[in-house]
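Number of protein chains: 2
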Amino acid sequence: MDKPHDQLASILADDMTAVNDLIKQRMASENAPRIPEVTAHLVDAGGKRLRPMLTLAAARMCGNTTPYHIHLAATVEFIHTATLLHDDVVDESAQRRGRPTANLLWDNQSSILVGDYLFSRSFQLMVETGSLRVLDILANASATIAEGEVLQLTVAQNLKTTEDTYLKVVRGKTAALFEAACKVGGVISGADEEIVDALAAYGDALGVSFQIADDLLDYGGATVALGKNVGDDFRERKMSLPLIKALSHADDTELEFWKRTIEKGHQEEGDLDHALTLMAKHNVLQETRDDAVFWAKKAKKAIAILPVSDIRQTLMALPDYVVSRAS
Amino acid sequence: MDKPHDQLASILADDMTAVNDLIKQRMASENAPRIPEVTAHLVDAGGKRLRPMLTLAAARMCGNTTPYHIHLAATVEFIHTATLLHDDVVDESAQRRGRPTANLLWDNQSSILVGDYLFSRSFQLMVETGSLRVLDILANASATIAEGEVLQLTVAQNLKTTEDTYLKVVRGKTAALFEAACKVGGVISGADEEIVDALAAYGDALGVSFQIADDLLDYGGATVALGKNVGDDFRERKMSLPLIKALSHADDTELEFWKRTIEKGHQEEGDLDHALTLMAKHNVLQETRDDAVFWAKKAKKAIAILPVSDIRQTLMALPDYVVSRAS
Numbered sequence: 001m002d003k004p005h006d007q008l009a010s011i012l013a014d015d016m017t018a019v020n021d022l023i024k025q026r027m028a029s030e031n032a033p034r035i036p037e038v039t040a041h042l043v044d045a046g047g048k049r050l051r052p053m054l055t056l057a058a059a060r061m062c063g064n065t066t067p068y069h070i071h072l073a074a075t076v077e078f079i080h081t082a083t084l085l086h087d088d089v090v091d092e093s094a095q096r097r098g099r100p101t102a103n104l105l106w107d108n109q110s111s112i113l114v115g116d117y118l119f120s121r122s123f124q125l126m127v128e129t130g131s132l133r134v135l136d137i138l139a140n141a142s143a144t145i146a147e148g149e150v151l152q153l154t155v156a157q158n159l160k161t162t163e164d165t166y167l168k169v170v171r172g173k174t175a176a177l178f179e180a181a182c183k184v185g186g187v188i189s190g191a192d193e194e195i196v197d198a199l200a201a202y203g204d205a206l207g208v209s210f211q212i213a214d215d216l217l218d219y220g221g222a223t224v225a226l227g228k229n230v231g232d233d234f235r236e237r238k239m240s241l242p243l244i245k246a247l248s249h250a251d252d253t254e255l256e257f258w259k260r261t262i263e264k265g266h267q268e269e270g271d272l273d274h275a276l277t278l279m280a281k282h283n284v285l286q287e288t289r290d291d292a293v294f295w296a297k298k299a300k301k302a303i304a305i306l307p308v309s310d311i312r313q314t315l316m317a318l319p320d321y322v323v324s325r326a327s
Numbered sequence: 001m002d003k004p005h006d007q008l009a010s011i012l013a014d015d016m017t018a019v020n021d022l023i024k025q026r027m028a029s030e031n032a033p034r035i036p037e038v039t040a041h042l043v044d045a046g047g048k049r050l051r052p053m054l055t056l057a058a059a060r061m062c063g064n065t066t067p068y069h070i071h072l073a074a075t076v077e078f079i080h081t082a083t084l085l086h087d088d089v090v091d092e093s094a095q096r097r098g099r100p101t102a103n104l105l106w107d108n109q110s111s112i113l114v115g116d117y118l119f120s121r122s123f124q125l126m127v128e129t130g131s132l133r134v135l136d137i138l139a140n141a142s143a144t145i146a147e148g149e150v151l152q153l154t155v156a157q158n159l160k161t162t163e164d165t166y167l168k169v170v171r172g173k174t175a176a177l178f179e180a181a182c183k184v185g186g187v188i189s190g191a192d193e194e195i196v197d198a199l200a201a202y203g204d205a206l207g208v209s210f211q212i213a214d215d216l217l218d219y220g221g222a223t224v225a226l227g228k229n230v231g232d233d234f235r236e237r238k239m240s241l242p243l244i245k246a247l248s249h250a251d252d253t254e255l256e257f258w259k260r261t262i263e264k265g266h267q268e269e270g271d272l273d274h275a276l277t278l279m280a281k282h283n284v285l286q287e288t289r290d291d292a293v294f295w296a297k298k299a300k301k302a303i304a305i306l307p308v309s310d311i312r313q314t315l316m317a318l319p320d321y322v323v324s325r326a327s
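Residue numbers (this note's numbering), protein chains in the order written: chain A, 1 to 327; chain B, 1 to 327.
Keep in mind that the hints were calculated from the coordinates and are not lab data. Treat the hints loosely; a few may be bogus.
[Claimed, not checked] From the structure, some residues in chain A lie toward chain B, with a derived Cβ separation under 10 Å: (1) VAL89; (2) SER93; (3) LEU104; (4) ASP107; (5) LEU132; (6) GLY148; (7) VAL293; (8) PHE294.
Ideal Cβ positions, reconstructed from N, Cα and C, are used throughout, including at glycine.
With the rest of the complex left out, here is chain A:
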């Protein structure tokens, strides 16, 4: 049985070809060849194209009547690519999708400015749809993404970060684009408000479960996945969900350990193992997995009102798959 993601890719193959063509066409720049070079490095590395597929899937389920779902899928991928370029500068990352990052191959300057260019290109694409409603949704999503990223920055290494704050960060930096990707697919197809809301709720919940599963993977939820190294979040001292949960159970000695390794960043050999031992002691990874399952269920429930179809079935399987990656 194929992964739901591959099933989607197969069902949406023709549309995705059109999206990829449009992306290639619009990432060009007559005046500044550096732009397509940097963009191609990231775009050609693949990535799962999950977000544009969500837009196409939503549009298809709502009987899309315009050609603009292609524009919107490309828009969503451009916004995503722009945020990746900026994120890698902000996080000083050296690897993305198994390749050296653009900031490493070129420089931070190129990543910042090419990100700005792609972001502008994404707005040009959505303007072409002629739908002010769509523009409103995507402009709001962009602001929410940036807000989530800034919030994440300001709570970095802050051991007092609550699950509530974590959720605000995740809904911004990850779920906002999933939500908008699904929502605009419905809106551009003239779907009823009830359906549009259902698609938005699905995207939001899928995005949250996706990020929680990602956090979990980083503490070894599964050993081999996505080229991720266990412990990256620990080494980068990120306030991810397993850590927040571990802190909520910590006694005084444990708190001292977290203060030293995360707050102060004085990490020694064996610290990651000890962190994992503390997480196991308090059953933190299971609790995190339960949260991911909760959001996955929420996602599935949201689209239960849509008519049964191949695509709906695949979207129903997707949240479970996202969580199972990390189990």
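With chain A's structure known, arrange chain B on it following the hints.
Below, chain B without anything else, positioned relative to chain A:
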């Protein structure tokens, strides 16, 4: 006699109060207090608010009939502020408007992400105007700005940079926003195409003369201006117009000097003085000033078709003032 810029500020005082209020309101962020902190640091430092005043002036000259010129003026200032935040990271600048830069006071991460936020906020503001034409103009301008910045980055320290390439960079990084600022003021007021084109041509030419004058100031066109230090562009090895002109006149010995100081960046005491001597020898600063005057004339000629008014008179005086700063 007041400077034209101060005259504009006085004529447009009520509208500018509304613009400043809207900027304050929209730079807020409930979730991430870092955002208004960083933005306020830049916004409160003043700056001349030239770009939003151009939007208001254009709208007023075209008998503005909607309240949305205020939104558009704020949009333009947000785009400008976002690009300043990113520019200061790209250039590793430590000072802006006589104060330490945000990247110095906070960090590069905050400047990148708050810039992204303001850029998204600017799109939200323009969506509220409900004008797809305006959205199209500003989305194009944003892409052109980023393209100009990337082009500037890729020709940095390249002694073969031509005046043609210089003009492409300047029309992108500086003139595109001046042009769009003027143009949307006309469009939102329902002006005739001929008038809209005239406003766009004015903004473009004003922007180019503004940047050339800025380049000139940096090589001491005038001694005290804007808190700029003579020689910053030389030390930062920027391919500004006086340098490009000096290179076009350089003999072999002079070329070696420019290769050492700009291409390789091996600068010693006395090099700036020698650079200024070479520029004087070839009359380069006068040539640069002539170019600035050429663009200033072009700007004035463009709006000659507009009906005579206080505002038109002030806009007519502005290009001359911009050039005279550097004389």
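Results of checking the hints against the structure:
no.	hint	result
1	VAL89	6 Å, holds
2	SER93	12 Å, violated
3	LEU104	16 Å, violated
4	ASP107	8 Å, holds
5	LEU132	6 Å, holds
6	GLY148	8 Å, holds
7	VAL293	26 Å, violated
8	PHE294	22 Å, violated
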